[in-house]
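**Student:** Spelled out from the first residue to the last, the chains are:
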Amino acid sequence: MALPRIGIGRALAYVAALAVSAFVLAPIYLITIAAFSSFDAVYEYPKNLIPKEATTETMRVFLDSEGVTDSLRRSAYVAAITIVVCLAIGTPAGYALARFSFRAANPFQLALVSTRAFPLIIIAIPLAVTYLRVGIDDTVYGVAMAHIAFTLPLTVLVTASVFAGISYELEEAAMTLGCNRLSAFRRIALPLAFPGVAASAIFIFVTSWNEVFAAAILTFRNRTLPAQLLAALDTSPLTYRLAGGFFLLAPALVVIFFIRKYLLTTWGRVAR
Amino acid sequence: MTTIAQETAPLKRRKRRWEGLPYWLILPTVVYLGVFFVWPMIQGFGLALRDENGWGLTAFQTMVDDAAFGEAMSFTFLLILVIVPIQFVLAFGMALLLNARLRGGGIFLYIFLLPLAISDLAAGIAWSAIFTERGYLNTILEGVGAVDVPFIFLDPTSKTQLVMVVAVAEIWRSTTFMMVILFAGLQAIPRDYVEAAEVFGAGFFQRVRHVIFPMLKPSIQVALLLRLIFAFEVFAVVIALTGSGATVLAAEAYKWQATNENEHVAAAYSVVILGLSLAAAALVLVLLRTPRERRLR
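Residue numbers (this note's numbering), protein chains in the order written: chain A, 1 to 272; chain B, 1001 to 1297.
The hints are simulated quantities; they were obtained by calculation from the structure and are not laboratory data. The model shown is predicted, which means the values in this text are computed figures rather than measured ones. Keep in mind that a hint or two might mislead.
What the hints assert, rightly or not - Stretches of chain B that chain A covers, calculated by requiring three or more beta carbons in the stretch to come under 8 Å of a beta carbon on chain A:
1) 1030 to 1038
2) 1114 to 1128
3) 1137 to 1145
By construction, the Cβ of each residue, glycine as well, lies at the ideal position given by its N, Cα and C atoms.
Just need the whole structure built from these sequences, with the hints factored in.
**Tutor:** Right, dumping it as structure tokens:
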């Protein structure tokens, strides 16, 4: 919908875009300056909207607090397991959906889409009970398994859409030139799909890194960062919460930069 | 003839050999989701429908008898009623802005997408730094002389204020999600249609009303549907902003599981959340039904 090059409409569009940008950036900016200011600056009132100095005091004390580095490590660990398992079992299924017409394809796809109607809450509570019985309660593996269950359907749908965007003829050509199906996949489809698959890996990372409810229910002592922060909300000082909030939010700034194109093309389409 | 038959035989065999392949490829996913998604869900219903003494509706009875149930229910519904309409208008506007090909659109795209990767807990913490009594908003309001003494936004005695504050944080965080779906839908609308309307003299709002809106209906449906489903799961942002001042359904489920250690009542809450999500989804599907022959794709 092309707006005219110049004119009131276009000027208004810029004003609106700038206003929305300011609304989005303000909380991110404020939590960032709070996380990198001194204790005194965090508690002072009225506050300085432009920081006088940047210090690592608040950040250092947060990282030195008991359990924080461990929770960061666990969060990274859970996300890593989730990414590896999700891609290992989700990518082949996505490839199958994109390349083969088989009778179960439509019901399978429909089932994957409909999983989104079911909140994570309803699977997290029974999993907590089962984990306790099996003896994997309060472990990173337990949390990772819940995160995989939650991210796997979208991974399959997204990778299917990635493979569907790569011409099958290239693989067929490779096969006439002596590749078998596996080596054609490995040498042709996989390298071409790599950026799209990497983008879904990044998205899986964010989903797992941010997930609070299941992580808080499935762990007790071995908490991930969001679970740790949630548990400490009403007992911890403001400086701790702000630094923790910043740590939770920071990956978003990097992640969105790398996957912004894919979010609009692939995810927008898959979500429908 | 024989040569052709000989030549096609291995081909046929090869084809048959690959017939099972897609099933092998989806098998791990099917098994995993069966064990870690479908089975826990069935277990969830099982947990909700019994307690230590056996089968029955006692878990639901305990849930309903608890004073927090009504509070959680009304706060969740109020939030959704405030958030979703505002969010829809905002998301639609943001999608139109991205679609308008502004100069510097790449930067706007990056900024608009940021909240998509931010958790509700982080959003709650960031906004609490703004709304708290000695926070940034009061600094600004006092600076411009709008208030004399810091205004208490997070007043636990005022449910209306708490709803508004949480709504701001949730709108900030989750509007992008709707925007992404609407923007993808916008891009699928052929430019000719919009340009044709323009040629015939349709102004901006007429184009939106008579061309874009009807053609975007399937995307609007999905965006509303998914957003409503997730809206019933609202959790950490409420706890981070209101402390114990307000409660929502998911927070109660968490409390019964983690603090009261009663998984039956917690499961009952999760069944209620699921039921409401599905009901909301059904409502959207019925209200925004598109006749098949009018669908674009």
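**Student:** With reference to the structure, classify each hint as holding or not holding.
**Tutor:** Hint by hint, here is what the structure shows:
1. 1030 to 1038: holds (count 5)
2. 1114 to 1128: It holds, with 14 qualifying residues against the three required.
3. 1137 to 1145: With 5 residues in contact (Cβ-Cβ under 8 Å with chain A), the coverage given for the segment 1137 to 1145 of chain B holds.
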